[in-house]
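J.: Sequence:
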Amino acid sequence: MGEKKKETNYFKSSRDIYNGLVFVLPLLLFYQIGLLFTDFKSLNGADFLTPLIMSYAGKKGLMAFHFLLIFVFVTLFSSVQKKEEFRFHYLIYIFLESLLYSLAMLVLINMILQKMDWRVSVGAAVFLLSIPYFYFGLQKKKDTGTARTIFLILEALMLGGMILMGIYLVQKWDTFQWEALKSSHALVNALRAVGAGVNEEIFFRVILFGSFFYFAHKKLDWEAYPSFLIAAILSGLLFALAHHIGQPVSSISTYILLYRMLAGIIFCILFLTRGVAVAIYMHTLYDLMYFFKDFWGG
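Residue numbers (our numbering): 1 to 298.
Any given hint could be a false lead.
[As the list claims (entries may be wrong)] So the derived label-pair ranges between C-beta atoms look like this:
#1 L52 / F11: 14 to 24 Å
#2 V72 / S250: 41 to 51 Å
#3 F37 / V206: 25 to 35 Å
#4 V206 / L96: 46 to 56 Å
#5 L76 / S253: 33 to 43 Å
#6 L220 / I33: 35 to 45 Å
#7 K41 / A242: 29 to 39 Å
#8 I233 / G45: 28 to 38 Å
#9 I33 / L76: 13 to 23 Å
For the record, the hints were derived by calculation from the structure and aren't laboratory data.
Here the structure is a predicted model, which means the values were calculated and not measured.
Ideal placement from N, C-alpha and C gives every residue a C-beta, glycine not left out.
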């Protein structure tokens with residue numbers, strides 16, 4: 001009897017860092033090449049690498065970097081294809097899952113900006129922070145049964161809410177705004193969205209959040225959940241402050257700062273529970289919908 005083939009699991013596979021990089025590298029390449037076509041107007045603030053390459057090697061150096069990205073993509077793709085849990089069509093699932101998350105976040109942030117009742121804000125915060133709590137519970141065998149049940153209920157509630165929010169946004173779609181798109185800087189905005197999704201998630205979630213979490217959990221020997229809270233709050237605060245670089249302190253709204261910090265914490269939750277690919281695609285799609293929010297009458 002032959003060896004039994006391992007069951008393919010989308011949620012496990014999409015969280016894998018190497019699989020995630022395969023799904024993300026085409027987005028990064030699209031952003032990088034797009035910079036040349038838009039004369040660098042779409043350069044993202046968290047993109048520290050491109051200005052560095054340009055200052056030392058110019059456009060030829062940047063193009064060489066593009067070929068390097070292609071080489072890395074082909075190499076990684078060839079490597080992960082050998083793994084039984086990798087399926088390239090999972091990219092479609094990642095896109096659809098990320099789309100649901102971005103729709104939900106768009107509605108949530110819109111509600112916050114309209115200064116909804118504080119009790120609703122607190123309820124939303126408690127709900128979101130309960131997700132990583134039960135996620136960590138799944139990592140402990142003794143808590144697997146209870147934690148898994150509650151975690152699945154939370155995910156089901158979240159998914160149902162996202163579907164309702166998606167229906168709401170589709171109903172508000174304004175087809176007449178397509179005429180405005182023809183005369184807008186659509187490509188620049190699209191590239192800015194991709195640049196934000198890729199660069200900001202790599203810098204603020206993979207590097208900063210990952211480093212803070214590792215230090216608290218591994219070096220200070222804290223429990224996983226407190227380590228997550230500290231790492232998410234710190235990286236979320238830095239994420240929010242980064243959007244106000246160059247502005248006078250007096251002009252920064254505390255309310256706007258807090259909502260951006262909340263957005264950063266949401267991205268941390270997504271990065272932790274669903275991996276880098278879903279976080280990057282969700283951030284990209286959210287920014288795309290934000291830049292083109294007029295289509296929903298925003």
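J.: Each hint: holds or not?
T.: Structure-based check of all given hints:
no.: 1; hint: L52 / F11: 14 to 24 Å; in the structure: violated, 36 Å
no.: 2; hint: V72 / S250: 41 to 51 Å; in the structure: holds, 45 Å
no.: 3; hint: F37 / V206: 25 to 35 Å; in the structure: holds, 27 Å
no.: 4; hint: V206 / L96: 46 to 56 Å; in the structure: violated, 23 Å
no.: 5; hint: L76 / S253: 33 to 43 Å; in the structure: holds, 42 Å
no.: 6; hint: L220 / I33: 35 to 45 Å; in the structure: holds, 42 Å
no.: 7; hint: K41 / A242: 29 to 39 Å; in the structure: violated, 19 Å
no.: 8; hint: I233 / G45: 28 to 38 Å; in the structure: violated, 21 Å
no.: 9; hint: I33 / L76: 13 to 23 Å; in the structure: holds, 19 Å
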